[in-house]
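Build out the structure end to end from the sequences listed, making use of the hints.
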Amino acid sequence: AQSVSQHNHHVILSEAASLELGCNYSYGGTVNLFWYVQYPGQHLQLLLKYFSGDPLVKGIKGFEAEFIKSKFSFNLRKPSVQWSDTAEYFCAVNVDYGGATNKLIFGTGTLLAVQP
Amino acid sequence: GAGVSQSPSNKVTEKGKDVELRCDPISGHTALYWYRQSLGQGLEFLIYFQGNSAPDKSGLPSDRFSAERTGGSVSTLTIQRTQQEDSAVYLCASSYGPPGTGSYEQYFGPGTRLTVT
Numbered sequence: 002a003q004s005v006s007q008h009n010h011h012v013i014l015s016e017a018a019s020l021e022l023g024c025n026y027s028y029g030g031t032v033n034l035f036w037y038v039q040y041p042g043q044h045l046q047l048l049l050k051y052f053s054g055d056p057l058v059k060g061i062k063g064f065e066a067e068f069i070k071s072k073f074s075f076n077l078r079k080p081s082v083q084w085s086d087t088a089e090y091f092c093a094v095n096v097d098y099g100g101a102t103n104k105l106i107f108g109t110g111t112l113l114a115v116q117p
Numbered sequence: 005g006a007g008v009s010q011s012p013s014n015k016v017t018e019k020g021k022d023v024e025l026r027c028d029p030i031s032g033h034t035a036l037y038w039y040r041q042s043l044g045q046g047l048e049f050l051i052y053f054q055g056n057s058a059p060d061k062s063g064l065p066s067d068r069f070s071a072e073r074t075g076g077s078v079s080t081l082t083i084q085r086t087q088q089e090d091s092a093v094y095l096c097a098s099s100y101g102p103p104g105t106g107s108y109e110q111y112f113g114p115g116t117r118l119t120v121t
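First to last, the sequence lines map onto chains A and B. Position one of the first sequence corresponds to residue 2 (the numbering used here), numbered consecutively onward. Position one of the second sequence corresponds to residue 5 (the numbering used here), numbered consecutively onward.
Please note that a few of the clues may not be correct.
[Stated by the list, open to error] Quick list of simulated restraints, FRET-style, between CB atoms:
{"no.": "1", "chain 1": "B", "residue 1": "S11", "chain 2": "A", "residue 2": "N9", "range": "45 to 55 angstroms"}
{"no.": "2", "chain 1": "B", "residue 1": "K21", "chain 2": "A", "residue 2": "I13", "range": "39 to 49 angstroms"}
{"no.": "3", "chain 1": "B", "residue 1": "V78", "chain 2": "A", "residue 2": "E65", "range": "31 to 41 angstroms"}
{"no.": "4", "chain 1": "A", "residue 1": "K62", "chain 2": "B", "residue 2": "A6", "range": "15 to 25 angstroms"}
{"no.": "5", "chain 1": "A", "residue 1": "N9", "chain 2": "B", "residue 2": "E109", "range": "40 to 50 angstroms"}
[As the list claims (entries may be wrong)] Below, a sample of chain A positions facing chain B; criterion: calculated Cβ distance under 7 angstroms:
{"no.": "6", "residue": "T31"}
{"no.": "7", "residue": "H44"}
{"no.": "8", "residue": "L45"}
{"no.": "9", "residue": "L47"}
{"no.": "10", "residue": "K104"}
{"no.": "11", "residue": "F107"}
{"no.": "12", "residue": "T109"}
{"no.": "13", "residue": "G110"}
[Said to hold, decoys possible] Residues from chain A that keep clear of chain B, each with C-beta distances beyond 12 angstroms, as calculated:
{"no.": "14", "residue": "Q7"}
{"no.": "15", "residue": "A18"}
{"no.": "16", "residue": "K50"}
{"no.": "17", "residue": "G63"}
{"no.": "18", "residue": "E65"}
{"no.": "19", "residue": "I69"}
{"no.": "20", "residue": "K70"}
{"no.": "21", "residue": "S71"}
{"no.": "22", "residue": "F73"}
{"no.": "23", "residue": "Q83"}
{"no.": "24", "residue": "T87"}
{"no.": "25", "residue": "N103"}
{"no.": "26", "residue": "Q116"}
It should be emphasised that the hints constitute simulated quantities derived from the structure, not laboratory data. The C-beta atom is built at its ideal place from N, Cα and C for all residues, glycine as well.
Shown next as structure tokens:
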């Protein structure tokens, strides 16, 4: 079965530090990749996504992620975090079965706390 | 515009009772999803509806769980004979696009927090 691994469960950073959150998935075929964020008390919302083309994708609020197919990875990065980035981050994969389903398989999430 | 709405926001029920959770997707979105978010299990897919096609029920954990979508819009997730392990936040999402458009963003609702005592 397909799975998504997020190796960092809880990350604590100071403001202005750089961030990289790891995400690996297990599937050899075509995938669509997402990072979602859940700010305290808010809905899950999309940060960025990759489905084709340039493997370096840019999202909202200065986040970016790089798809490395050979490593089955889609790591999230931000050069300088802010206190407002404190949230839980979820990596998700949609396996393209040629139209059978659009379900997302999520990682277990990474809780990021940014200290002012 | 209006986002995905869910009701109730919180539900406390006794073990063994049935519960119904409601989801109103974004108008015009043809795809609707239910997920469950629980401690230790993360976010799990439950069921997916796309237009008039047969739903993908592959994520439903047991036959106590069922869902329907009426008129291609509102959906109800029903849990019969609730158990304590059913306690979780149940999230609904919707997206625009036919099957095969897995790259389309899924918009999530605020969730229903279910507590089974």
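A quick look at each hint next to the structure:
Distance hint check for S11/B and N9/A: the Cβ-Cβ separation is about 34 angstroms, which falls outside the suggested range of 45 to 55 angstroms. The beta-carbon spacing between K21/B and I13/A, approximately 41 angstroms, falls within the hinted interval of 39 to 49 angstroms. Distance hint for V78/B and E65/A: a CB-CB separation of about 37 angstroms, consistent with the stated range 31 to 41 angstroms. Checked against the hint of 15 to 25 angstroms, the C-beta distance between K62/A and A6/B comes to roughly 24 angstroms, which is consistent with it.
A beta carbon spacing of about 24 angstroms between N9/A and E109/B contradicts the range 40 to 50 angstroms that was offered as a hint. Taken as an interface hint, T31/A does not check out: its beta carbon lies about 9 angstroms from the nearest beta carbon of chain B, beyond 7 angstroms. Because the closest C-beta pair between H44/A and chain B is about 5 angstroms apart, less than 7 angstroms, the hint holds. Annotation: L45/A was flagged as interfacial toward chain B, and the flag holds, the nearest CB pair being 4 angstroms apart, inside 7 angstroms.
Among the interface hints, the one on L47/A holds; its C-beta lies about 5 angstroms from the nearest C-beta in chain B, closer than the 7 angstroms criterion. Here the hint on K104/A is kept, as its CB sits about 4 angstroms from the closest CB of chain B, short of 7 angstroms. About 4 angstroms separates the beta-carbon of F107/A from the nearest beta-carbon of chain B, less than 7 angstroms, and the hint is met. Taken as an interface hint, T109/A checks out: its beta carbon lies about 4 angstroms from the nearest beta carbon of chain B, inside 7 angstroms.
Taking 7 angstroms as the C-beta cut-off, the interface hint given for G110/A holds, the closest approach to chain B being about 6 angstroms. Look at Q7/A: its CB is around 9 angstroms from the nearest CB on chain B, not clear of 12 angstroms, so calling it non-interface is violated. For A18/A, the non-interface assignment is confirmed: its Cβ lies about 26 angstroms from the closest Cβ of chain B, beyond the 12 angstroms cut-off. With a cut of 12 angstroms on Cβ distances, K50/A falls inside the contact zone with chain B, its closest approach being about 7 angstroms.
The beta carbon of G63/A is kept farther than 12 angstroms from every beta carbon of chain B, the shortest such distance being approximately 19 angstroms. Every Cβ of chain B is farther than 12 angstroms from the Cβ of E65/A; the closest lies at roughly 17 angstroms, confirming the non-interface assignment. Chain B leaves I69/A outside its interface by the beta-carbon criterion, the shortest separation being 18 angstroms against a cut-off of 12 angstroms. Chain B leaves K70/A outside its interface by the beta-carbon criterion, the shortest separation being 16 angstroms against a cut-off of 12 angstroms.
Look at S71/A: its CB is around 21 angstroms from the nearest CB on chain B, clear of 12 angstroms, so calling it non-interface holds up. Against the 12 angstroms criterion, F73/A stays outside the reach of chain B, whose nearest CB is about 17 angstroms from its own CB. For Q83/A, the shortest C-beta to C-beta distance to chain B comes to about 23 angstroms, beyond the 12 angstroms cut-off, and the non-interface label holds. No beta-carbon of chain B is positioned within 12 angstroms of the beta-carbon of T87/A; the least distance is around 19 angstroms.
Not every CB of chain B lies more than 12 angstroms from the CB of N103/A, the least distance being 4 angstroms, so the non-interface label is violated. A cut-off of 12 angstroms between C-beta atoms confirms that Q116/A is not in contact with chain B; the least separation is 24 angstroms.
Consistency with the previously given hints fails for numbers 1, 5, 6, 14, 16, 25, ordered from lowest to highest.
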